[in-house]
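In UniProt numbering, the protein residues as written are 1 to 205.
No lab work stands behind these hints: they were computed from the structure. It is possible that part of the hints are untrue.
Pairs of lysine to aspartate or glutamate residues, derived as EDC-like cross-links and limited to a Cα-Cα distance of at most 20 angstroms, are as follows [stated by the list, open to error]:
no.	residue 1	residue 2
1	Lys184	Asp150
2	Lys142	Glu155
3	Lys184	Glu195
Computed beta-carbon distance windows for the label pairs [to be verified]:
no.	residue 1	residue 2	range
4	Phe10	Asn109	17 to 27 angstroms
5	Leu202	Lys21	12 to 22 angstroms
6	Ser14	Leu130	21 to 31 angstroms
7	Tyr74	Gln166	22 to 32 angstroms
8	Leu62	Ser138	20 to 30 angstroms
9	Asp22	Glu155	41 to 51 angstroms
10	Glu155	Ser12	21 to 31 angstroms
All C-beta atoms in this analysis are idealised placements derived from N, C-alpha and C, irrespective of residue type, glycine included.
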Amino acid sequence: MSLLNNTIFFKSESKIENLPKDCLPEICFVGRSNVGKSTIINTLTNKKKLAFSSKLPGRTRLINLFKVNDLKNYTLCYLVDLPGYGYASVSNNIKQNWTNILNSYIHRNSILCIVLILDIRRGLTDLDKLLINYINNSNCFKLVLINKIDKLSHEKRISKIKNIKQQLIKLNLFDTLEFSSTKKIGIDNTNQYLEKIILKKLNKI
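Using the sequences and the accompanying hints, generate a full structural model.
The structure is reproduced here in structure tokens:
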């Protein structure tokens, strides 16, 4: 059983100043709109309806927080689902709000790990690279999930993953995992990675 299986919804917020101030570690999930952040959270926690997942890009406009509890319901850390970025068909006000949230959030001292999710079909976009420039100033762990790998043939997948990893190394990002919620690929490896850094942070290993 994964540590993340005992995760519950906590709250949604539109403002950074309303986020928890208890200094518990936070693992945040970031990526373009419709890249699969919410689905990945549901998959990792083994709870189908924990995080709201929409087929319409740009629907996650709030910061959604989830508590990861131990067996005694003591909160160990938070999972944070940030609004997706880069979707064209939304108002400029919403785009600016997303920008403000991202810029403010990634400077929080409580961040333990930033999980950047990429769609293998899109590869590494200019917006992804811009975000990477921001998060590289943080001392937290950075994990890149190359998502939806089931959408490409094996041959195209291998070529695309190699290309993405080469670009990421040049941007000083070295921890990458391949992922597919549909085909159950990468779930155990991702859970093990996150569980290890959570327990290490809490001095439990």
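Here is how each hint holds up against the structure:
1. Distance hint between Lys184 and Asp150 is fulfilled; the C-alpha atoms sit about 10 angstroms from each other, no more than 20 angstroms.
2. For the suggested pair Lys142 and Glu155, the alpha carbons sit about 27 angstroms apart, so the restraint of at most 20 angstroms is broken.
3. For a cut-off of 20 angstroms, the pair hint linking Lys184 to Glu195 stands: about 18 angstroms separates their Cα positions.
4. Between Phe10 and Asn109 the C-beta distance comes to about 19 angstroms, which sits within the given range of 17 to 27 angstroms.
5. Between Leu202 and Lys21 the C-beta distance comes to about 18 angstroms, which sits within the given range of 12 to 22 angstroms.
6. In this structure the hint that Ser14 and Leu130 lie 21 to 31 angstroms apart at CB holds, the actual value being about 22 angstroms.
7. Range check, Tyr74 to Gln166: about 42 angstroms between beta-carbon atoms, so the 22 to 32 angstroms window is missed.
8. Hint check: Leu62 to Ser138, Cβ distance near 22 angstroms, so the stated range 20 to 30 angstroms holds.
9. Judged by the Cβ atoms, the range 41 to 51 angstroms given for Asp22 and Glu155 holds: they are separated by roughly 48 angstroms.
10. In this structure the hint that Glu155 and Ser12 lie 21 to 31 angstroms apart at CB is violated, the actual value being about 41 angstroms.
Hint compliance for this structure: hints 2, 7 and 10 are broken, all remaining hints hold.
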